[in-house]
Amino acid sequence: LRKGLSTPEIISAKLPSIISSLSFPKSMRWAEGSFRFSRPIKSLLCLFNGQVVPVSFEGRQSGNQTHGHFIHSPVPLEVNNFTEYEKKLKENFVLIDPQERKQSILNQFKEKLADLNAQVYPDEGLLERLLWNVEHPLVIRGSFPEKFLKLPIEVLSTAMREGQQLFSVVKGKKQLPYFLGIADAPGDPKNFIASGNERVLKARLEDARFFWENDLKVSLSERVNGLNQVIFQEKLGTYLDKAQRMQKLVAYLADRLEITSQKKELVEAARLSKADLLTEMVREFPELQGKMGGLYAREQALSEIISRAIYEHYLPQSLEDPVPDSLGGAVLSLADKMDTVVGVLGVGYTITGSSDPFALRRNALAICKIILEKKLPISLDRVIKKTFSLFEGKISVPEEELFKTAREFFEGRIRYIFEKQGYRYDLINAALAPGFEFLVQTEARLKALNELKQSKNFEPFILMAKRVKNILKETPRTKVNSALFKEKEEKELYSALQIVKKNVEDMLGKGDYLGAQKIIFRLQIPLNTFFEKVMVMTEDKKLRNNRLALLTMVQDLVQQLADYSQVVVEGNR
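Take the sequence shown: its position 73, counting from 1, is numbered 925 in the numbering used here, and each next residue is one higher.
Careful: at least some of the hints might be erroneous.
[What the hints assert, rightly or not] Distance condition first, Cα-Cα at most 30 angstroms in a straight line; then the derived DSBU-like pairs of lysine-lysine:
1. Lys-962 - Lys-894
2. Lys-1308 - Lys-1343
3. Lys-894 - Lys-964
4. Lys-962 - Lys-942
5. Lys-1025 - Lys-999
6. Lys-1353 - Lys-1343
7. Lys-1331 - Lys-1227
8. Lys-1321 - Lys-1238
9. Lys-1054 - Lys-1042
10. Lys-1353 - Lys-1272
11. Lys-962 - Lys-878
12. Lys-1115 - Lys-1100
13. Lys-1393 - Lys-1362
14. Lys-1318 - Lys-1308
15. Lys-954 - Lys-964
16. Lys-1023 - Lys-962
17. Lys-1343 - Lys-1393
18. Lys-1318 - Lys-1338
19. Lys-1393 - Lys-1318
20. Lys-1069 - Lys-999
21. Lys-1362 - Lys-1238
22. Lys-1343 - Lys-1385
Please keep in mind that the hints were generated in silico from the structure rather than gathered at the bench. Because the structure is a prediction, the values reported are computed rather than measured.
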């Protein structure tokens, strides 16, 4: 046995390698060595029980000093413990707790807008980004000329956010001629920060107004043919090709969903959906594609169905994003994203690690999310095959191979969604086993399993299902001959199975998967009795095969709902 090292000795030995192991999306070098970090390391503060732990790293020696705000209080500060460290930094304009910084920002938002009875236009992403860019947040308020209120709120908020990281101010759904910004300073007594932002913002809004007015001089319909000059993907053609495929897929989806009254308008929405890529506004603010198309469609007096579908068809862009509110927007979004996923996979594109330039993962997630949240009764398999048929020779991967690849890809995304919702992996496996062609049904099976897992009947039935599956391994399928039943227990199981089967099918017809699974549990008693009293693997081949056929009937019925053998019971976890 050796004497162990003290904590300071371990810290002293390990800290340099820990610092070296940290990585950042962007890093820099600042000295003669090759070490890279997010910012130059100017000092090392390392204490344990009030004593400096000696550490040497990249020419810096550890000590007991830190510094306040790099502009407003760059003085050295001696500290002896964490409480002192936090207190002294706060006194010198540095809030080290991100939650404290966030709460400070939110409180200042309320104070700055109290007289207007207004709110900040929601932008959690911008708030999160700025939260990590400041040490001492100061919220400033500025204004802009009211003439710019003629611009859509989407344009105003984007111009503020992208150019200067400012927040729009709204009252209900109405834009007000004000903005809020976040500076890294203890104060702005002479209003220099706010007035500087006002000057820059005015120029940006002048540009945005010019783009808006200029874009409206050319209709979306007049722009469509220009999409023939914009490449979607080298092997899949232009955005004009994509829009034409989307029209056909939208028509197919409208028929499947029985919304033929909207079909003509949704096909027109698909034709116009990518026209805004040729507008000056979208060239300046690419994140507004889709939204601008919808806004321009409305200004050009196109129908609400058309304009809304175009506006919403890029949604959702993440799991946190809402799905399109309108059914038309959902249909157009599905067509757009399915065209991308099937097309790009169809030219042999492979996703590796973080490389996904066509955002196939995001698009597939969005497709699943839309189908699930809008409760769309459509076949994922048929939509994949229909999409494949629209590429007319552009796809190099054989249809069967592509179909298999696409299904596996979607299965991964479906699993991801369910895992994010907190479902157990084994329940997901069980619910997916009967198939996931109709996602709404798959989700219903999973929800029912999840609800029943606490039932006293759940685990015994799982064990019984596992037993049935194990007995039937590699058993050839044969039909049951009720005339061969010798024991009353096999007759009783067969009779119970007929009743349960009818009741389960009635429940499934209503979409009641919870009720169907509860009914399935009624097989528990006759199955138990059957196994106790009947020798399944009897030497009489006819009887044996007939009893195996009876168990196959049980398994076939059960597996319409889930593969219960996939569920992990308590003792096996």
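_Structure versus earlier hints, numbers of those that do not hold, lowest first_ = 1, 3, 7, 8, 10, 11, 13
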